[in-house]
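Trainee: So the chains spell out like this:
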Amino acid sequence: MNRFPRRSKGVTGTVATPDQGAQQTSWERFEQLYRSSRDDVFAYVATLLGDRSTAEDVTEVAFERAYRRRRTFDRRRGEERAWLFGIARNAALDELRRRKRHATLVVDPEDPSADGPDDGAEVALARTMVRQALATLPAREREIIALKFHAGLSNAELARVLGVSESNAGTLLHRTMEKLRKACNATA
Amino acid sequence: MRLLDDTPMDPEVAAALDAIDSTLAGEAVDPQYAELAELALLLADDRPRVDPVFAHTLDERVSGRFGGAAREAERPSGRSSWSRWMAGGAAATLAAAVVAVFVFLAGVDHGGSSSASSSAASSGVSSAASSSSGRPAQELSAPSRASSGAASGSADSAASSQAAAPTATSPSGQTPQPQSNGRKTIQSAQLNLATAPSRVDDVAQEAFNVIGQENGIVNRSSVTQTGSADGNAFMQLSVPSSSLAETMTKLSQLTYAKVASRTDNSQDVNNQYIQAKRRLADAQALRTSLLKQLANAVTTEQVDSLKAQIRDAERSISSYEASLAALNHRIAYSNISLTIFAGAQPPVTPTHHSSGGFTLGKAAHDAGRVLVVVAGVLLIGLAVLLPVAVIAGLAWWVGGMVTHRRRERALDLA
Numbered sequence: 001m002n003r004f005p006r007r008s009k010g011v012t013g014t015v016a017t018p019d020q021g022a023q024q025t026s027w028e029r030f031e032q033l034y035r036s037s038r039d040d041v042f043a044y045v046a047t048l049l050g051d052r053s054t055a056e057d058v059t060e061v062a063f064e065r066a067y068r069r070r071r072t073f074d075r076r077r078g079e080e081r082a083w084l085f086g087i088a089r090n091a092a093l094d095e096l097r098r099r100k101r102h103a104t105l106v107v108d109p110e111d112p113s114a115d116g117p118d119d120g121a122e123v124a125l126a127r128t129m130v131r132q133a134l135a136t137l138p139a140r141e142r143e144i145i146a147l148k149f150h151a152g153l154s155n156a157e158l159a160r161v162l163g164v165s166e167s168n169a170g171t172l173l174h175r176t177m178e179k180l181r182k183a184c185n186a187t188a
Numbered sequence: 001m002r003l004l005d006d007t008p009m010d011p012e013v014a015a016a017l018d019a020i021d022s023t024l025a026g027e028a029v030d031p032q033y034a035e036l037a038e039l040a041l042l043l044a045d046d047r048p049r050v051d052p053v054f055a056h057t058l059d060e061r062v063s064g065r066f067g068g069a070a071r072e073a074e075r076p077s078g079r080s081s082w083s084r085w086m087a088g089g090a091a092a093t094l095a096a097a098v099v100a101v102f103v104f105l106a107g108v109d110h111g112g113s114s115s116a117s118s119s120a121a122s123s124g125v126s127s128a129a130s131s132s133s134g135r136p137a138q139e140l141s142a143p144s145r146a147s148s149g150a151a152s153g154s155a156d157s158a159a160s161s162q163a164a165a166p167t168a169t170s171p172s173g174q175t176p177q178p179q180s181n182g183r184k185t186i187q188s189a190q191l192n193l194a195t196a197p198s199r200v201d202d203v204a205q206e207a208f209n210v211i212g213q214e215n216g217i218v219n220r221s222s223v224t225q226t227g228s229a230d231g232n233a234f235m236q237l238s239v240p241s242s243s244l245a246e247t248m249t250k251l252s253q254l255t256y257a258k259v260a261s262r263t264d265n266s267q268d269v270n271n272q273y274i275q276a277k278r279r280l281a282d283a284q285a286l287r288t289s290l291l292k293q294l295a296n297a298v299t300t301e302q303v304d305s306l307k308a309q310i311r312d313a314e315r316s317i318s319s320y321e322a323s324l325a326a327l328n329h330r331i332a333y334s335n336i337s338l339t340i341f342a343g344a345q346p347p348v349t350p351t352h353h354s355s356g357g358f359t360l361g362k363a364a365h366d367a368g369r370v371l372v373v374v375a376g377v378l379l380i381g382l383a384v385l386l387p388v389a390v391i392a393g394l395a396w397w398v399g400g401m402v403t404h405r406r407r408e409r410a411l412d413l414a
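Chains as they are written, first to last, in our numbering: chain V, 1 to 188; chain X, 1 to 414.
The hints are simulated quantities; they were obtained by calculation from the structure and are not laboratory data.
Incorrect hints may have been included.
Unchecked claim - Stretches of chain X that chain V covers, calculated by requiring three or more beta carbons in the stretch to come under 8 Å of a beta carbon on chain V:
(1) 14-24
(2) 31-42
(3) 45-55
(4) 383-394
Claimed, not checked - Simulated restraints on C-beta separations:
(5) X:ALA34 with V:GLU28: 42 to 50 Å
(6) V:GLY163 with X:LEU382: 33 to 41 Å
(7) V:ALA186 with X:PRO8: 30 to 38 Å
(8) X:ALA91 with V:GLY163: 32 to 40 Å
(9) X:ALA392 with V:ARG71: 19 to 27 Å
(10) X:MET401 with V:GLN132: 33 to 41 Å
(11) X:PRO8 with V:ARG71: 20 to 28 Å
(12) X:GLU35 with V:ARG71: 45 to 53 Å
(13) X:ALA389 with V:GLN132: 33 to 41 Å
(14) X:ASP51 with V:LEU125: 24 to 32 Å
(15) V:GLY163 with X:ALA392: 21 to 29 Å
(16) V:ARG98 with X:PRO52: 21 to 29 Å
(17) X:ALA389 with V:ALA186: 50 to 58 Å
Even glycine gets a Cβ: it sits at the ideal position worked out from N, Cα and C.
Bound-form chain X, shown alone:
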């Protein structure tokens, strides 16, 4: 029945409506609309009238504002309700931002404390290393120096400069290591350090000192100090596998260097080791057996043949022993490839000097990070709230449409 188009009104219809309005206004109408006017008057006069008692009751209810402000507070108007929703959303977003900032700051604090603990750990390691540094450092280093040519690191200098080496306070640089579980493994590592162009020598010397402390070997080294950005140093090092982690930690915490990259490798050679030992044992057993047979040999041919077999067995034994010894050495000593280069942004000052100070730059940096975190939280909050708001708006609109249709249907069915 509802007409949605807005077509111009028929003049006859407009005239009839005018006649109705005139009649209701108490004015005379054209006689042709007399019947319509009479009907309009009858309808207007027949309007239901309000019962005085109800009128009085309703007047009182209105005067009392339908139960007062308390009831109104229970059912806020749409606009104030919307305002409360907005305020609630803003408060929730603010709370989330504050929580995020606290979490961020707590994370920073936690990082600081872990740095301190690693510093303490490294101190302990240093003392432990120094207590055992008198032992085979020199004899282990001696052959390596002979073969290294230009190697500039020495156990002597390491030992002498050990006390002067500043304590590193940077993060420990521990990396995940597989559990050995008693299995034989070959370990190696690569470490790239960045430093200031004028500090390449210092860092290289520090590295040599660390290797000396850990009873390691400088297999090969090359240090080029130019004072400019092309200064570099390269070292091929061996350290006892038991102290590899400790050595890497110390090398990662050198005073004037910053770790650019670090790689730790591990290879399980347990089966290879067992097979080598078994082959050696078999060869030794064969030789023992051949020696017994030789003792019982009676003819020259038998003796010659057995001696030849024994020689073969001894060669095999020697070969197997050499293989096993090489494998044992690879297991016992881990190779470290250390590269030191003049980085673009080397640490200006040792980290332990700047760890506790409060400067305007640091404050600005922290403030910037806090703002970034807050902006991120707000963005995430917006990303969450926007779809929710769209869905809520859609649900509200659909609900309104459904209610409207139900009401109209109820009118049609009445």
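In isolation and in its complexed conformation, chain V is listed as follows:
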């Protein structure tokens, strides 16, 4: 599982690579982005909304919006993944707004199949503990966890999606992790 890019350290030079995106059509770029990001987008949205069914709808809406706006993507303003998650975030927040208007809170019941079949009792207990601790966090902090660990964004992408600087995004992530760790300890 090497999906998560390391933050660069001690870089002394760069190697220029040809921009393959320029040779691809917008549809080909979108399809490639979809294939690489479908599961990540769903995981992020599902964590943020806490509802798998709604998350599926929102994921579909997010990709449809991205498809319609694929020609407006500007590489100078960030990478495609950050752009896509920005769209997904807006779609998810729209869903939260809609929920607020309809005053319904839909949360999936605990899914027993979510635990891995090979998990031991200790791991299952730890996972339950983390879930409970995660549920105590505010939505904004849950979102950071979702973007980092469920969507697999780098800190730079996280910063672009949230609209903050990279150092601020790192600080937010660290604070949230500390808070989550304390919540886990308190639950234990």
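Based on the hints, put chain X in the right spot on chain V.
Mentor: Same frame as chain V, but now just chain X:
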């Protein structure tokens, strides 16, 4: 919660983040971050997984491009939408320009037709005038010539040159006139004509001809022909008020002259006229009464006194009659002050010769005017569209900000 400042990251925080990234990359981390690494792994392993059925459905939707091109056409992307707006705006501006050009050209055509109709009207007037020109033109002109000294216009010459006078085709020069409604009014007019230095004599002669045709009087005239720019002519004219408008129209359409300015005056003297008639009637009634009393007088004193009163009454009657006659004359005849001067840009050729031709100069002139109109329309369109675009942009920006705030608020409240 959002931090907008970009302060350097705490080294301890950076080390913790490195440990998280290393853990997620499957690398070993420092034991002091073991708890953090375990938490990161638990979080990463607990990510919601996509239901295969949903994944298949979504894959198909993506392969079908979310319903195909038709749906995309219904909801165009931002850039193409912007392009369509731009194209629409350009088309609207172009359409406005075309309409303006047509309106302008229609206006030109309309002006041409009105010129033609006025020409026809003036022809009719000329024929009507010539049919009545045999009457009192000469006898009216005779006394004026005696008093005018240097007057060079005469009814004889007017009558003789009437047939040779070219028909004017310039705009009629009609000016608004108050409705008389049977009231007594005194009318007068001033007319300044510009002509070529060599044409002052010709124009003056044309003016005399017109006055002759209209049975008018040249009260005073002075014509100075120098052949240079200081040539001029001045005429003080009287014409029957009933033909003032017609006379002014003809004078405004002289072949070699161009109207520099024209002033029409009108003064209501109805009350003055009624009072003068009443005073005269009263004086006549008094005289009649005095004559009756004189017939019945018996003493010499009575007779003398009544005769003296009758004389006074007759003097009053004479005075009132003279006043009334003068007023009647001022009502019946209108004064025209005509000045002819050698203008800077006199008409080179009679207008009827150049009205129908098509020359390169005229085409260039028309093209220039069309371009000016188009530029004006574009400028007006820009003046209208610019504020609209600014307001639309502002509304779009405010709308975006409001939506953003609502979304963030929804996240805070979740």
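Trainee: If a hint holds in the structure, say so; if it does not, say that too.
Mentor: Outcome of the hint check:
no.: 1; hint: 14-24; result: holds (count 8)
no.: 2; hint: 31-42; result: holds (count 6)
no.: 3; hint: 45-55; result: holds (count 9)
no.: 4; hint: 383-394; result: violated (count 0)
no.: 5; hint: X:ALA34 with V:GLU28: 42 to 50 Å; result: 44 Å, holds
no.: 6; hint: V:GLY163 with X:LEU382: 33 to 41 Å; result: 36 Å, holds
no.: 7; hint: V:ALA186 with X:PRO8: 30 to 38 Å; result: 31 Å, holds
no.: 8; hint: X:ALA91 with V:GLY163: 32 to 40 Å; result: 38 Å, holds
no.: 9; hint: X:ALA392 with V:ARG71: 19 to 27 Å; result: 22 Å, holds
no.: 10; hint: X:MET401 with V:GLN132: 33 to 41 Å; result: 37 Å, holds
no.: 11; hint: X:PRO8 with V:ARG71: 20 to 28 Å; result: 38 Å, violated
no.: 12; hint: X:GLU35 with V:ARG71: 45 to 53 Å; result: 46 Å, holds
no.: 13; hint: X:ALA389 with V:GLN132: 33 to 41 Å; result: 54 Å, violated
no.: 14; hint: X:ASP51 with V:LEU125: 24 to 32 Å; result: 26 Å, holds
no.: 15; hint: V:GLY163 with X:ALA392: 21 to 29 Å; result: 25 Å, holds
no.: 16; hint: V:ARG98 with X:PRO52: 21 to 29 Å; result: 27 Å, holds
no.: 17; hint: X:ALA389 with V:ALA186: 50 to 58 Å; result: 57 Å, holds
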